[in-house]
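There are 2 protein chains.
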Amino acid sequence: MSDEPDEPIAQEIDEIEAFKRFFQRHSAGVAIVTATDPSGHPVGFTATSLASLSAVPPLLTFNMARTASSWAAIEATTHVAVHVLDVRNRALAARLAGPHDRRFDAADWAFDPTYGVPVFTGVPAVVIARVVERYPVHGNVVLVAHIEDGSLGEDGVGLLYRERRFFGPGDEV
Amino acid sequence: MSDEPDEPIAQEIDEIEAFKRFFQRHSAGVAIVTATDPSGHPVGFTATSLASLSAVPPLLTFNMARTASSWAAIEATTHVAVHVLDVRNRALAARLAGPHDRRFDAADWAFDPTYGVPVFTGVPAVVIARVVERYPVHGNVVLVAHIEDGSLGEDGVGLLYRERRFFGPGDEV
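Residue numbers (the numbering used here), protein chains in the order written: chain A, 1 to 173; chain B, 1 to 173.
One thing to keep in mind: the hints can contain errors.
Copies of one chain are not kept apart here, so a pair can be met inside one copy or by any two copies together.
With a straight-line Cα cutoff of 25 Å, these simulated SDA-like cross-link-like pairs (lysine to any residue) come out [stated by the list, open to error]:
#1 K20 with D105
#2 K20 with G40
#3 K20 with D37
#4 K20 with F104
#5 K20 with H41
#6 K20 with R90
#7 K20 with E154
#8 K20 with A76
#9 K20 with E172
#10 K20 with G168
#11 K20 with D101
Keep in mind the hints are simulated off the structure, nothing from the lab.
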């Protein structure tokens with residue numbers, strides 16, 4: 001899974017390098033977060049920071065940079081849609097990580113009639129969540145959102161990400 | 001990857017159920033977080049909420065419940081060790097999610113001589129991070145930690161978790 005040369009065990013590295021090397025060895029599930037900006041346009045991005053915070057109340061967290069094109073909308077919105085992706089959604093994951101003016105250039109989404117947030121079709125699961133906390137940390141924000149509604153699509157095998165590569169799940173261990 | 005019956009597309013479900021179903025379809029990389037409690041004992045737990053927050057400064061986040069056996073130590077500590085796991089570490093992941101008085105019952109860890117936190121051997125990557133924020137949200141806490149040091153072990157294939165099962169990575173897509 002890595003094209004790095006072998007590293008001696010316990011090699012000491014500085015803190016920026018430690019961050020980089022550490023997260024190169026971490027795998028993450030891939031999600032898409034969307035919202036609608038104050039002028040009514042959809043925004044969204046591919047996120048690898050989605051995590052569960054608690055089941056009761058049903059809370060999730062995700063992280064983003066305040067330099068992200070979606071931040072102005074995420075800062076102002078009451079609700080977001082959060083989508084879990086499947087390996088069949090690999091092109092969607094790449095699109096939502098590409099040029100921000102092209103991210104909604106396909107007929108695979110619609111505004112939710114109740115919450116007004118853009119929801120992609122063809123994904124395994126979506127929740128609509130109210131943003132309840134936005135914690136600024138340097139140029140970044142940790143967001144907490146309370147799940148209010150959800151829908152399920154066809155289940156599949158989760159899309160995963162590590163070291164700039166997308167992959168599917170392997171064998172149970 | 002799922003033993004659920006097929007679900008109709010866009011089935012509406014209530015918010016607790018929405019949370020549960022949504023995270024059943026989310027896959028996560030597996031990490032272990034450790035610290036030393038005020039009386040000098042090691043504590044730690046298996047976490048599926050590890051996420052990157054920013055590279056500069058090098059920040060990570062993870063979530064936990066304040067009812068967790070490790071919380072008193074995590075609340076008081078200045079530093080934590082965060083370990084990325086490999087499929088070879090599957091038993092370690094299960095041990096650190098099991099009875100808390102048995103989690104350090106093996107000779108596969110040592111206190112870091114500089115920071116005093118317990119560090120497991122035989123994992124792909126470890127960082128030692130200073131806890132810089134603890135955000136309480138209901139009975140839970142979102143933690144932000146600044147990576148100060150790190151070391152690399154032998155690389156391998158990341159350990160993943162979904163729906164109470166551990167698995168390895170599959171093919172690139």
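Using 25 Å as the alpha carbon limit, work out where K20 and G40 are close: within a copy, between copies, both or neither.
-> neither (37 Å within a copy, 30 Å between copies)
Is it within a copy, between copies, both, or neither that the alpha carbon of K20 lies no farther than 25 Å from that of A76?
-> Answer is neither; intra-copy 31 Å and inter-copy 27 Å both fail.
Between K20 and R90, at a C-alpha cutoff of 25 Å, which is it: within one copy, between copies, both, or neither?
-> Answer is both; intra-copy 24 Å and inter-copy 24 Å each pass.
Alpha-carbon proximity between K20 and E154, which holds within one copy, between copies, both or neither at 25 Å = So K20 and E154 pass the 25 Å test across copies only (16 Å; inside, 35 Å).
Go through the copies and call it for K20 and D37: within, between, both or neither, with a Cα cutoff of 25 Å.
-> So K20 and D37 fail the 25 Å test inside a copy (32 Å) and across (28 Å) alike.
How would you label the pair K20, D105 (within, between, both, or neither) given a Cα cut-off of 25 Å?
-> neither (33 Å within a copy, 31 Å between copies)
Intra- versus inter-copy proximity for D101 and K20 (alpha-carbon distance at most 25 Å) | So K20 and D101 fail the 25 Å test inside a copy (29 Å) and across (33 Å) alike.
Could you figure out if K20 and G168 sit no more than 25 Å apart (CA to CA) within one copy, between two copies, both or neither?
-> both (23 Å within a copy, 22 Å between copies)
What label fits K20 with E172 when the C-alpha limit is 25 Å: within, between, both, or neither?
-> Answer is between: at 21 Å across copies they meet the 25 Å cutoff, but 28 Å inside does not.
Given a CA cutoff of 25 Å, do K20 and H41 count as a within-copy pair, a between-copy pair, both, or neither?
-> neither (34 Å within a copy, 30 Å between copies)
When no copy is named, should K20 and F104 be tagged within, between, both, or neither for a Cα gap of at most 25 Å?
-> Classified as neither: same-chain Cα gap 31 Å, cross-chain 28 Å, threshold 25 Å.
Hints 1, 2, 3, 4, 5, 8, 11 from the earlier list are contradicted by this structure; the remaining hints agree with it.
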